[in-house]
Amino acid sequence: MAELWRQRAASKASGLHHTDPVTVASAVQARLRAGDFEGAEKYFEDEFGRHAQFPIRRDAMIILTSFIEAFARAGNLERAEAAFERIESLNARPNIRTFNAILKATCATGDHRKASHYYRKAVALGIEPDSYSYNSLIMSCAKATYAEGALQWLDTMAAQSVEPHLLGYDHAISACSRSDPDRFEMTWQLLDRAIQLGLRPSLGTYKVVFRCCLRCGDVARKPAEGLFRSMVASRVEPDGAVRWNFTKNLDAEL
Numbered sequence: 001m002a003e004l005w006r007q008r009a010a011s012k013a014s015g016l017h018h019t020d021p022v023t024v025a026s027a028v029q030a031r032l033r034a035g036d037f038e039g040a041e042k043y044f045e046d047e048f049g050r051h052a053q054f055p056i057r058r059d060a061m062i063i064l065t066s067f068i069e070a071f072a073r074a075g076n077l078e079r080a081e082a083a084f085e086r087i088e089s090l091n092a093r094p095n096i097r098t099f100n101a102i103l104k105a106t107c108a109t110g111d112h113r114k115a116s117h118y119y120r121k122a123v124a125l126g127i128e129p130d131s132y133s134y135n136s137l138i139m140s141c142a143k144a145t146y147a148e149g150a151l152q153w154l155d156t157m158a159a160q161s162v163e164p165h166l167l168g169y170d171h172a173i174s175a176c177s178r179s180d181p182d183r184f185e186m187t188w189q190l191l192d193r194a195i196q197l198g199l200r201p202s203l204g205t206y207k208v209v210f211r212c213c214l215r216c217g218d219v220a221r222k223p224a225e226g227l228f229r230s231m232v233a234s235r236v237e238p239d240g241a242v243r244w245n246f247t248k249n250l251d252a253e254l
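For the sequence shown, our numbering begins at 1 and goes up steadily by one.
These aren't lab readings, by the way, just hints derived from the structure by calculation. Bear in mind the structure is a predicted one, so any value in this text is a computation, not a measurement. You may find that some hints are simply not true.
Lysine-lysine pairs mimicking DSS-like chemistry, simulated, CA-CA at most 27 Å apart [to be verified]:
{"hint": "1", "residue 1": "Lys121", "residue 2": "Lys143"}
{"hint": "2", "residue 1": "Lys42", "residue 2": "Lys143"}
{"hint": "3", "residue 1": "Lys207", "residue 2": "Lys222"}
{"hint": "4", "residue 1": "Lys143", "residue 2": "Lys114"}
Restraint ranges, calculated between C-beta atoms of paired labels, are given here [said to hold, decoys possible]:
{"hint": "5", "residue 1": "Gly204", "residue 2": "Thr23", "range": "18 to 26 Å"}
{"hint": "6", "residue 1": "Leu203", "residue 2": "Asp36", "range": "38 to 46 Å"}
{"hint": "7", "residue 1": "Arg113", "residue 2": "Gly39", "range": "29 to 37 Å"}
{"hint": "8", "residue 1": "Ser131", "residue 2": "Ala74", "range": "17 to 25 Å"}
{"hint": "9", "residue 1": "Arg33", "residue 2": "Glu185", "range": "28 to 36 Å"}
Quick reminder that beta carbons are idealized off the backbone N, C-alpha and C, glycines included.
Produce the entire structure from the sequences given, and follow the hints as far as they go.
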């Protein structure tokens, strides 16, 4: 810290003001939180162009990653990709946070092809995608009602020994429930797999699966009864709609 202060004092004495990366990052974050994307971009580029040695590539990558995260929250994939390309133009190496941010941005549009593209980029750089990465990949497929892709990413996640996350199963189940009827059976198979992995589905997830059971008729009666028992055992309280569907529509035993 003392050395940093000496550097600042020297720069002021010479008539030059070199803004440190922490100050720039804070100013950028404040503008992004206020929704002033243009102001944040202009401020960053002005500081970047003011003197050749600031910010160094790693600092620039961290700041630009915060841009991608803000654009992802706003559902602006185009702007998020532009920030990612800016990182690449600096020959800076994105990290897992950067890739997770751009993957999240693809979820808003359901562009699962672009999500796969960034996944391959991360792997090519030797970056290991985590559960957050796979959840975003599955979510992008679910947004596009691409059940096959969601299931493939779940399988890849398991093959890479990445810790499972309920969110990924929720989105895969959602994709199957909105897909062709021949995918409905996968909803209760996925729910059962999630339970076997020690995950604790919510009432909402159970209800999505039970609706698929209703649409499948007799073949779904026994799986539905098993899932109902699992729901009660995990202390997820069934509501009136679930009980009605069991006793009246599925003719199942509670």
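Verification of the supplied hints:
Distance check on the hinted pair: Lys121 and Lys143 sit about 22 Å apart at the alpha-carbon level, within 27 Å; holds. Pair hint Lys42 plus Lys143 does not hold up; C-alpha atoms about 33 Å apart against a cutoff of 27 Å. A threshold of 27 Å between alpha carbons decides the hint, and for Lys207 with Lys222 the separation of about 16 Å falls inside it, so the pair holds. The straight-line distance between the Cα atoms of Lys143 and Lys114 is roughly 13 Å, inside the 27 Å bound, and the hint therefore holds.
With their beta carbons about 44 Å apart, Gly204 and Thr23 fall outside the hinted range of 18 to 26 Å. Take Leu203 and Asp36: their Cβ atoms lie about 40 Å apart, and the range 38 to 46 Å holds. Checking the proposed 29 to 37 Å range against Arg113 and Gly39 shows it holds: the Cβ atoms sit about 32 Å from each other. The given range of 17 to 25 Å is respected by Ser131 and Ala74, whose C-beta atoms sit roughly 24 Å from each other.
Checking the proposed 28 to 36 Å range against Arg33 and Glu185 shows it is violated: the Cβ atoms sit about 45 Å from each other.
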